[in-house]
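The primary structure of each chain is shown beneath.
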Amino acid sequence: MSPPPPPIVNTVNLVKIYQNGGVPVPAVRGVDLQVEAGQFVAVMGPSGSGKSTLVHMIGGLDARTSGEIWLDGKRADTLNESAWALLRRQKIGFVFQFFNLVANMTVADNVELPALLAGASPREARERREYLLGELGLADRADAAPAQLAGGEQQRVALARALANRPSLLLADEPTGNLDSRNTRDVLRLLSEVHRDGQTIIMVTHDARVASLADRVVSLLDGEIVDDGAVGPARRRPRATAGDVVELRG
Amino acid sequence: MRQSLLALLAKEPAHGYELKQALEQIFGSAYPSPNIGQIYVTLSRLEKDGLVRVVDVEQSNRPNKKVYYLTAAGREALDVWVDEPTEGPRVRDEFFMKLVLAPMTGIADRMALISRQRRHYLALMRDLNELAERTDQGNRVALLLIEGAMLHLQADLDWLERCQEDLS
Chain A
141 MSPPPPPIVN TVNLVKIYQN GGVPVPAVRG VDLQVEAGQF VAVMGPSGSG KSTLVHMIGG
201 LDARTSGEIW LDGKRADTLN ESAWALLRRQ KIGFVFQFFN LVANMTVADN VELPALLAGA
261 SPREARERRE YLLGELGLAD RADAAPAQLA GGEQQRVALA RALANRPSLL LADEPTGNLD
321 SRNTRDVLRL LSEVHRDGQT IIMVTHDARV ASLADRVVSL LDGEIVDDGA VGPARRRPRA
381 TAGDVVELRG
Chain B
12 MRQSLLALLA KEPAHGYELK QALEQIFGSA YPSPNIGQIY VTLSRLEKDG LVRVVDVEQS
72 NRPNKKVYYL TAAGREALDV WVDEPTEGPR VRDEFFMKLV LAPMTGIADR MALISRQRRH
132 YLALMRDLNE LAERTDQGNR VALLLIEGAM LHLQADLDWL ERCQEDLS
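Line order of the protein sequences matches chains A and B. For any residue, its number in the numbering used here is found by taking its place in the first sequence, counting from 1, and adding 140. For any residue, its number in the numbering used here is found by taking its place in the second sequence, counting from 1, and adding 11.
FYI, nobody ran anything at the bench for these hints, they're computed from the structure. Note that this is a predicted model, so its numbers are computed, not measured. All C-beta atoms, glycine included, are put in the ideal place defined by N, C-alpha and C. Check each hint, because a few of them may be wrong.
Said to hold, decoys possible - Stretch-level coverage of chain B by chain A, calculated; a stretch enters the list once three of its residues show a Cβ under 8 Å from a Cβ in chain A:
hint: 1; region: 128-136
hint: 2; region: 162-172
To be verified - In silico SDA-like pairs for lysine to any residue, Cα to Cα no more than 25 Å straight-line:
hint: 3; chain 1: B; residue 1: Lys109; chain 2: A; residue 2: Ile365
hint: 4; chain 1: B; residue 1: Lys76; chain 2: B; residue 2: Asp60
hint: 5; chain 1: B; residue 1: Lys77; chain 2: B; residue 2: Glu87
hint: 6; chain 1: B; residue 1: Lys109; chain 2: A; residue 2: Ser192
hint: 7; chain 1: A; residue 1: Lys231; chain 2: A; residue 2: Gln339
hint: 8; chain 1: B; residue 1: Lys109; chain 2: A; residue 2: Asp367
hint: 9; chain 1: B; residue 1: Lys31; chain 2: B; residue 2: Val65
hint: 10; chain 1: B; residue 1: Lys109; chain 2: A; residue 2: Lys231
hint: 11; chain 1: B; residue 1: Lys59; chain 2: B; residue 2: Glu87
hint: 12; chain 1: B; residue 1: Lys109; chain 2: A; residue 2: Ala370
hint: 13; chain 1: A; residue 1: Lys231; chain 2: A; residue 2: Pro147
hint: 14; chain 1: B; residue 1: Lys59; chain 2: B; residue 2: Gly99
hint: 15; chain 1: B; residue 1: Lys77; chain 2: B; residue 2: Ile50
hint: 16; chain 1: A; residue 1: Lys231; chain 2: A; residue 2: Pro186
hint: 17; chain 1: B; residue 1: Lys109; chain 2: A; residue 2: Asp368
hint: 18; chain 1: B; residue 1: Lys59; chain 2: B; residue 2: Glu105
hint: 19; chain 1: B; residue 1: Lys109; chain 2: A; residue 2: Asp362
hint: 20; chain 1: B; residue 1: Lys109; chain 2: A; residue 2: Pro186
hint: 21; chain 1: B; residue 1: Lys109; chain 2: A; residue 2: Pro147
hint: 22; chain 1: B; residue 1: Lys31; chain 2: B; residue 2: Ser71
hint: 23; chain 1: B; residue 1: Lys31; chain 2: B; residue 2: Gly61
hint: 24; chain 1: B; residue 1: Lys22; chain 2: B; residue 2: Val91
hint: 25; chain 1: B; residue 1: Lys76; chain 2: B; residue 2: Lys109
hint: 26; chain 1: B; residue 1: Lys59; chain 2: B; residue 2: Arg86
hint: 27; chain 1: A; residue 1: Lys231; chain 2: A; residue 2: Ser192
hint: 28; chain 1: B; residue 1: Lys22; chain 2: B; residue 2: Trp92
hint: 29; chain 1: B; residue 1: Lys109; chain 2: A; residue 2: Gly372
hint: 30; chain 1: B; residue 1: Lys76; chain 2: B; residue 2: Ile50
hint: 31; chain 1: B; residue 1: Lys109; chain 2: B; residue 2: Gln128
hint: 32; chain 1: B; residue 1: Lys77; chain 2: B; residue 2: Lys109
Start from the sequences and build out the full structure, keeping to the hints where you can.
See the structure below:
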């Protein structure tokens, strides 16, 4: 029998301590987290609980203080910056609360760039871009400059860009923070679709609609995991319609 | 139930089954489908209170049909209902009672209660997502009702997080 494939992400006793004017401020205090291929993990918790720091460390955007990070079975925390950059380009898609789009490139070019950098042919990159922008209701914005877009549109472009590459790991930090409910619905639909196709996702979110799509919810408090488990079915009797979810007065 | 039946009857007289169908059509799957027995019980109470009046309409080949009309008093009761401000969201929360009281007696640990409740809310949210997907996208009323329930759940989760920060 062949051994099981290594988890996509494995952190071992991961710690981050910031220095604030000489005072150590622990942000992440010994996190062990394994994420298997194809899993969708939502990371929740109050502000300041270490969620963003954790995800940034997993993507190599923030250096760990101690502990280990393994990606796809390879040790990653010991990589230098250029090796991290290469790893990200090949394997990791990132969506942040702020979009970091390239201002002097069109929306289409912003989305295609990561795929091209990772070695996709121009045609593959274009087709992937057309699919992603179409799913997010942005097909007609392809030739616009980022500055011409509303905040919610830029946010969706950033998600399309992160997925352009079919990364083995999608890391997201509050990716629906700027969206109204209709746009959130588009994002939810796309996330469910790529997840169904096997995309591994780790996502920091306060948005319960997004978190409820996840296979698993990890809750942080004061830099430690305090709960980690599946979102089960709601405990209620089977029914013909889901009508009793909504209870009106009267 | 009382008020929604009065409102439907203000539009036009109807018999019980028509009222059930109207409720189902307007609110779609987002609203618990009313039981016909419940509707007749409510109608007979409304009749006793003088808010509706019932007229037997003869039908050939079939038993008489009972058609309900709104009375002047019923119209007034409906006006009062529509005009008065509606009670806000609940402020007494059963979960909060558990959260405060259970640890005092050693029955349960707060962190465990919060974690379990969070998972439960997320499972409910997942139900709502599925319900929204199954709902006819042209039924604005049903979709708004579901969105309202989602926003309430989100507020409950945000509050849970506040409890976790302050009570842990």
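Structure-based check of each hint:
1. 128-136: holds (count 8)
2. 162-172: holds (count 5)
3. Lys109/B to Ile365/A: 23 Å, holds
4. Lys76/B to Asp60/B: With a Cα-Cα distance of about 21 Å, the restraint between Lys76/B and Asp60/B holds, given a limit of 25 Å.
5. Lys77/B to Glu87/B: Holds, because 23 Å separates the two Cα atoms, which is no more than 25 Å.
6. Lys109/B to Ser192/A: 31 Å, violated
7. Lys231/A to Gln339/A: Answer holds: Lys231/A to Gln339/A is near 11 Å, not above 25 Å.
8. Lys109/B to Asp367/A: The given pair, whose Cα atoms are some 19 Å apart, holds under the 25 Å limit.
9. Lys31/B to Val65/B: 17 Å, holds
10. Lys109/B to Lys231/A: 45 Å, violated
11. Lys59/B to Glu87/B: 16 Å, holds
12. Lys109/B to Ala370/A: 23 Å, holds
13. Lys231/A to Pro147/A: 14 Å, holds
14. Lys59/B to Gly99/B: Since the Cα atoms of Lys59/B and Gly99/B sit roughly 30 Å apart, the hinted pair is violated (cutoff 25 Å).
15. Lys77/B to Ile50/B: It holds: about 13 Å lies between the C-alpha atoms, which stays within 25 Å.
16. Lys231/A to Pro186/A: Violated: Lys231/A and Pro186/A sit about 29 Å apart, past 25 Å.
17. Lys109/B to Asp368/A: Holds, at about 22 Å.
18. Lys59/B to Glu105/B: 35 Å, violated
19. Lys109/B to Asp362/A: 23 Å, holds
20. Lys109/B to Pro186/A: Holds: Lys109/B and Pro186/A sit about 21 Å apart, inside 25 Å.
21. Lys109/B to Pro147/A: With Cα atoms ~38 Å apart, Lys109/B and Pro147/A exceed 25 Å; violated.
22. Lys31/B to Ser71/B: Holds. Lys31/B to Ser71/B sits at ~24 Å (cutoff 25 Å).
23. Lys31/B to Gly61/B: This hinted pair holds, its Cα atoms lying about 21 Å apart.
24. Lys22/B to Val91/B: 17 Å, holds
25. Lys76/B to Lys109/B: Between Lys76/B and Lys109/B the Cα gap is close to 51 Å, so the pair fails against 25 Å, i.e. violated.
26. Lys59/B to Arg86/B: OK: Lys59/B and Arg86/B at ~15 Å, within 25 Å.
27. Lys231/A to Ser192/A: 19 Å, holds
28. Lys22/B to Trp92/B: 16 Å, holds
29. Lys109/B to Gly372/A: Between Lys109/B and Gly372/A the Cα gap is close to 22 Å, so the pair holds against 25 Å.
30. Lys76/B to Ile50/B: Holds, at roughly 15 Å.
31. Lys109/B to Gln128/B: The given pair, whose Cα atoms are some 11 Å apart, holds under the 25 Å limit.
32. Lys77/B to Lys109/B: 48 Å, violated
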